[in-house]
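As you go down the protein sequences, you meet chains A and B in turn. My numbering puts the first residue of the first sequence at 2, with every later residue one more than the last. My numbering puts the first residue of the second sequence at 2, with every later residue one more than the last.
Don't read these hints as lab results, they were simulated from the structure. Fair warning: this is a prediction, and the values are worked out from it, not measured in the lab. We put the CB at the ideal spot given by N, CA and C, even for glycine. Among the clues, some could well be false.
[Said to hold, decoys possible] Simulated coverage check for chain B against chain A, where a stretch passes if three residues somewhere in it have a Cβ under 8 Å from a Cβ of chain A: (1) 34-41; (2) 155-161; (3) 266-279.
Number of protein chains: 2
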Amino acid sequence: MEQKRTEVAALGEFGLIDLLTKGFEAKHPTTRCAVGDDAAVVEPEAGQQLLLTTETLFEGVDFDLTYFPMKHLGYKVVTVAVSDLVAMNARPSQLMVSLGLSSKIPVEALEDLYEGIRFACAEQGIDLVGGDTRASMTGLVISVTAVGHAPKELVVRRSGASKHDLICLTGNLGAAFMGLQLLEREKRVLADVANPEPQFKGYEYLLEKYLKPRLRTDVLDMLADEKIVPTAMIDLSDGLSSDLMQLCKSSKCGARIYLERIPIARQTSELAEEMHLDPVMAALNGGEDYELLFTVPLSMQEQVMRLGIDVIGHITDEQEGCHLVTPDGQFMRLRAQGFPEQPAKNE
Amino acid sequence: MEQKRTEVAALGEFGLIDLLTKGFEAKHPTTRCAVGDDAAVVEPEAGQQLLLTTETLFEGVDFDLTYFPMKHLGYKVVTVAVSDLVAMNARPSQLMVSLGLSSKIPVEALEDLYEGIRFACAEQGIDLVGGDTRASMTGLVISVTAVGHAPKELVVRRSGASKHDLICLTGNLGAAFMGLQLLEREKRVLADVANPEPQFKGYEYLLEKYLKPRLRTDVLDMLADEKIVPTAMIDLSDGLSSDLMQLCKSSKCGARIYLERIPIARQTSELAEEMHLDPVMAALNGGEDYELLFTVPLSMQEQVMRLGIDVIGHITDEQEGCHLVTPDGQFMRLRAQGFPEQPAKNE
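Okay, chain A solo, but in the shape it has when bound (with noise of 0.2 Å):
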């Protein structure tokens, strides 16, 4: 059965807009104009920060429409523009969306686009304040500009963290890179065949972790419960390696973490060993997990632990660098992409 297609050009850019942006309501209390006038306008309760972020995501290099279904693109989007702010300890609250449309996607396309944006912002209790369409020359091309809130005194910074802290992680590493991988297999593999159908069984949840990874606000709200700041916070999109070493270049520390400690998925163990990669390098460099990075005092290490997250390492002097400690004792110096690298015998 053919699926209805309908261009964009029908409906114009009003007509467009009109049509996605139909069913956001605002709800959020600090919402004061949302889509339908030149701005948004926003009115953060006193002694409320505003926290402000931005993302633009390309077709053909952040996502692959030929196996990205636009329901969960709609909603990734959503993870990572607010996942910035979720690493700041703020709240989200209000989202702009501005699409670059090329011509082979339909209406019906960007709707389910947009039913995942409303699906993420439903479950943040995020509202939709704005955007705009614009012809791409290529690619559909997606920008979202996030705004979150928090009480100045709980906005946590990448550059708090000091010697002795904690460094704590939480879910596992490397699961949506190994979803990534598995997806890019099936998709050359079926190339050529009429009726594909990729084998994703047993991989469920690597895919769910590449294809709609979920905001850990509710790491947050752990957190919140046990009356527990972090000293510094970040989120993990470019990788344990890179985003730890984005931490400590803010915090003027050095880091040392521990392999053993590094929590991975079985899944993720397993598609590893089966496509010949190092689940360890998937942890390290494999990125999009939107997992939270976050240092705590020494003294809180019961309290974290007793909350489920992971404690992989602790902070050092910072002419000590960025190590990864192997279980047999080897010190090897953290990269921001590829191996870590064994230090020269003078370190």
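Got chain A sorted already, so can you dock chain B onto it with the hints?
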């Protein structure tokens, strides 16, 4: 002499951002955290509302790098984004810029782009507080999010116009459109010429209006000095017809504007004549003027005209629709694009 050309890949994403944002200092009193963390932090003063808008511009659709100097482009993207805030009577305070980069753009060109952004930001007292860079499969993509603030009683919506209000217009219309026509003509004419020398003499004003449009925050100052708060306001990005119709739709009213009152610059008329184009069409539908269209109560006529602002018509009942009145008394129904239509007899 060959220009120096550094590939973006030589610096990496973090190196590039460091280079481009060097020399941007956060100065606005509401900025708490600028570039360098997961998100920017803004703390508005009590009683102030925050205004947010986002625009994404695409090479080949919104600008042509064969004749658009990078510095001007940087300046213009700030105007394009911030103009939406000005149109709500807000003062711009923060800006975030995301880039999608094609490999053909060297680091030096991006430095020029950021010099233009820096110049516009300095002129308006705006802080650059964030953004990211990614690869784009094709041309340059620039996504800008602008943040402004205003005391809540002074925020002007599109929706406040009522019957008998005067329709006021800053500056003149159609100049940016004619500037674009001139650039496109010279590009066509000189496409196969080895050392092209485009002929722009006598039309410098048109080029400036297209390549380097200025924000009309000066108009906000004038209105504030006279204690005039418009009942409704919109910025002219799509063209007078389309934007006036948007304002009327939001305000649930009609409008009548008078052809002979529409301000058109001499260079606009001259080039239009030379190119066999209708200057009135350029004014009605050209777009990209970034002037302000606003309404005030009838009682303010003298006050507004004393400021040198043109009154081009007045607001009517919704069922009367939006019309352009010609000097011989004909009523032409405005359309979002194309020539105004003469209404059927029964209207």
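Inset, instruction - Would you check chain A against the segment 266-279 of chain B, counting CB to CB pairs closer than 8 Å, and say if three or more residues qualify? - result: Contact hint for the segment 266-279 of chain B vs chain A: violated, 0 residues under 8 Å.
Legend entry - Coverage claim, chain A over the segment 155-161 of chain B, checked by counting residues with Cβ within 8 Å (three needed): holds (count 4)
Legend entry - Within 8 Å of chain A's CB atoms, at least three CB atoms from the segment 34-41 of chain B: coverage verdict: Held - the segment 34-41 of chain B has 6 residues with a Cβ nearer than 8 Å to chain A, which meets the minimum of three.
The structure fails to meet hint 3 from the earlier list, while all remaining hints are met.
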